[in-house]
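S.K.: For the protein sequence lines, the chains are Z and D, in the order given.
195 is the number that my numbering gives to position 176 of the first sequence; each next residue is one higher, with no gaps.
367 is the number that my numbering gives to position 348 of the second sequence; each next residue is one higher, with no gaps.
Careful: at least some of the hints might be erroneous.
Which copy is meant is left open, because identical chains are indistinguishable; a pair holds if it fits in one copy or across any two.
Calculated pairs, SDA-like style, for lysine to any residue (alpha carbon to alpha carbon, straight line, at most 20 Å) [as the list claims (entries may be wrong)]:
id, residue 1, residue 2
1, Lys122, Arg344
2, Lys272, Thr243
3, Lys122, Arg262
4, Lys272, Ser294
None of these hints come from the bench; they were simulated from the model.
There are 2 protein chains.
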Amino acid sequence: MIGGRATGPLSERKATCRAGSNIAFIKYWGVAGGAEDLNIPLNNSISMTLADAHTTTTVAWDDSGCLPEDSIAIDGEQLVGSSAERTVAHLDRLRALAGVPYKASVVSTNNFPMASGIASSASGFAALTVAGAAALGLRLDVTRLSAVARQGSGSASRSLFGGFVEWERGWGGGESEGNSLLDSRSVAHQLHSEDHWALRDVIAIVSTSAKRVSSSSGHRLAATSPLNAARTACVGAWLETVRQAIADRDIGKLGPILELDALAMHGVMMTSTPSLLYWQPGTLEVLQAVRAWREDDGVPVYFTIDAGPNVHLICEADSAAEVERRVGALPAVERVLVSGPGTGPELSDGHLI
Amino acid sequence: MIGGRATGPLSERKATCRAGSNIAFIKYWGVAGGAEDLNIPLNNSISMTLADAHTTTTVAWDDSGCLPEDSIAIDGEQLVGSSAERTVAHLDRLRALAGVPYKASVVSTNNFPMASGIASSASGFAALTVAGAAALGLRLDVTRLSAVARQGSGSASRSLFGGFVEWERGWGGGESEGNSLLDSRSVAHQLHSEDHWALRDVIAIVSTSAKRVSSSSGHRLAATSPLNAARTACVGAWLETVRQAIADRDIGKLGPILELDALAMHGVMMTSTPSLLYWQPGTLEVLQAVRAWREDDGVPVYFTIDAGPNVHLICEADSAAEVERRVGALPAVERVLVSGPGTGPELSDGHLI
Numbered sequence: 020m021i022g023g024r025a026t027g028p029l030s031e032r033k034a035t036c037r038a039g040s041n042i043a044f045i046k047y048w049g050v051a052g053g054a055e056d057l058n059i060p061l062n063n064s065i066s067m068t069l070a071d072a073h074t075t076t077t078v079a080w081d082d083s084g085c086l087p088e089d090s091i092a093i094d095g096e097q098l099v100g101s102s103a104e105r106t107v108a109h110l111d112r113l114r115a116l117a118g119v120p121y122k123a124s125v126v127s128t129n130n131f132p133m134a135s136g137i138a139s140s141a142s143g144f145a146a147l148t149v150a151g152a153a154a155l156g157l158r159l160d161v162t163r164l165s166a167v168a169r170q171g172s173g174s175a176s177r178s179l180f181g182g183f184v185e186w187e188r189g190w191g192g193g194e195s196e197g198n199s200l201l202d203s204r205s206v207a208h209q210l211h212s213e214d215h216w217a218l219r220d221v222i223a224i225v226s227t228s229a230k231r232v233s234s235s236s237g238h239r240l241a242a243t244s245p246l247n248a249a250r251t252a253c254v255g256a257w258l259e260t261v262r263q264a265i266a267d268r269d270i271g272k273l274g275p276i277l278e279l280d281a282l283a284m285h286g287v288m289m290t291s292t293p294s295l296l297y298w299q300p301g302t303l304e305v306l307q308a309v310r311a312w313r314e315d316d317g318v319p320v321y322f323t324i325d326a327g328p329n330v331h332l333i334c335e336a337d338s339a340a341e342v343e344r345r346v347g348a349l350p351a352v353e354r355v356l357v358s359g360p361g362t363g364p365e366l367s368d369g370h371l372i
Numbered sequence: 020m021i022g023g024r025a026t027g028p029l030s031e032r033k034a035t036c037r038a039g040s041n042i043a044f045i046k047y048w049g050v051a052g053g054a055e056d057l058n059i060p061l062n063n064s065i066s067m068t069l070a071d072a073h074t075t076t077t078v079a080w081d082d083s084g085c086l087p088e089d090s091i092a093i094d095g096e097q098l099v100g101s102s103a104e105r106t107v108a109h110l111d112r113l114r115a116l117a118g119v120p121y122k123a124s125v126v127s128t129n130n131f132p133m134a135s136g137i138a139s140s141a142s143g144f145a146a147l148t149v150a151g152a153a154a155l156g157l158r159l160d161v162t163r164l165s166a167v168a169r170q171g172s173g174s175a176s177r178s179l180f181g182g183f184v185e186w187e188r189g190w191g192g193g194e195s196e197g198n199s200l201l202d203s204r205s206v207a208h209q210l211h212s213e214d215h216w217a218l219r220d221v222i223a224i225v226s227t228s229a230k231r232v233s234s235s236s237g238h239r240l241a242a243t244s245p246l247n248a249a250r251t252a253c254v255g256a257w258l259e260t261v262r263q264a265i266a267d268r269d270i271g272k273l274g275p276i277l278e279l280d281a282l283a284m285h286g287v288m289m290t291s292t293p294s295l296l297y298w299q300p301g302t303l304e305v306l307q308a309v310r311a312w313r314e315d316d317g318v319p320v321y322f323t324i325d326a327g328p329n330v331h332l333i334c335e336a337d338s339a340a341e342v343e344r345r346v347g348a349l350p351a352v353e354r355v356l357v358s359g360p361g362t363g364p365e366l367s368d369g370h371l372i
């Protein structure tokens, strides 16, 4: 039904989807020039979809003409300002695909705190895309949904799949790379299902205050860092190591690259203009602790850090309780969340998409 | 008297020198391959010699043969282990220049705490070089002394001059670059005297615990970072800006480059193998505070960070009291030291060298 007109009463134009957030092992940082509004990344990225950190979103399209504008509520609060505009722009994408003018009522809840270091935009735009498309009766396969979700938030493309996921940058093959080709090629795919490896993401929340610069603005700044090209030039080799480490379930191979890429990304962020310094004192408390636990006590745990101050500690399931206990005892840590790998998005009828 | 035999009683083979430490605005990080033991740097660096953070060293050479080995005391403690070996190696350089076998008694005191974020190796090896050479009657000009001091500790080469100083890497001109040419070319020179600009270094000490990896070991690791070449490729442009900013006494031009190079250097350190994470929670507390004071309150202060957790806040003299007051009020800051630009080394007879 892509491009066709959707029909039927309001009650049928409604769907609910639950999607997991994800934690990247190789990071997405920086958009390719010339196609900024498509969120085409500078490099491929690899992530684990999270079972226990998810967003549930209901989209109801109004074909009666009674709703004068889109209404968007997240965790009980009506969205306003630039966050609302970003969601409306995503609803516009779905309206354009279906060829309908309907306004939407969107109600979304996260089972984790916003600004907690868990990417709510990843799970949020994945759930919005799947629920919105389903409610419009759009028949898009998961790869196409991944491309649509990517335009809302880059990392949301990865949350369209469960388990271990790679998002292709979709360019660099030497062929003509017009925007529509880029759009269709820059999609995620599953490397391994959620049953493949019992990894854990133990999330140390050291600050829940809002960032000074959102990560979507930050992506535009990556190219201003003198270190950016050096990082992206290395990512190809790191991706290969991470793919192999996941295939082999080898935390000792995964971990060092996980830390290296996170530190390289923050090196890029800190040296962009303006400089982005996402870390807080608690961030360093956790980083230094993780290094000491590993080097002094032999605990096989490694860190990664998204565009914020909180720290994700990656370990295997049999170390998770010990890591959770240790990290929870650090003075700077306000709260600890733990998640294993989860499935891709589920519609409320229980079907995976 | 280079290469000649020194003569005279012990009492005449003794000299005392006081030398200031320095704070680099463009950092020295990483040694050029193939000449590691000469401390030939990857890039030029620029620093300010500190008036109020200095080392006073007395060297007495024993031509009686009574002293069986070198004796080295710093701040009242006899030096042992690798630090002692490093000092003995430097005494060997002076012995070789003079062609004498004399053992030495070295007594050195710092007027600032060791491991305080002030480079005691810079002031220490500068004072040792000047006092040791003077006590042997070696007639070396200050440029040659700069090269000798550099072999003890790279940044010591800059402490041979007062005020604002640049240390040339000494290579890259396309000519033959044998080790002896490198050694004679990689020397410091003064850009401006200490009277040129009333800058202040307000040093926020957040930790006085010893580093896990000394900076002299760290220099060998720079090349393992995927970000290192990108930093050194940019340093040429940054040096030009810093030279101009110092010439113009323009803190608004100096400051952003100061922060950029410090963050780039720490990006290199963090992504080397093994990874060097010198920062502590207090480091981030100060960095975030400086950014907020500048952006929210208009205080013209900028940070730089050496190979350690403490933070150097650079501002003009008329802002220093305000900066000192603010930084002293931060919970993580244990102690604040303040210094302006100082002279080059002074021998105990009061003469500048």
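S.K.: The structure should be examined with respect to each hint, and the outcome stated for every one.
M.R.: Here's how the hints hold up against the structure:
1. Lys122 - Arg344: The answer is neither: 47 Å in one copy and 56 Å across copies each exceed 20 Å.
2. Lys272 - Thr243: between (31 Å within a copy, 18 Å between copies)
3. Lys122 - Arg262: Result: close neither inside a copy nor across copies, 42 Å intra and 59 Å inter.
4. Lys272 - Ser294: between (31 Å within a copy, 15 Å between copies)
The structure fails to meet hints 1 and 3 from the earlier list, while all remaining hints are met.
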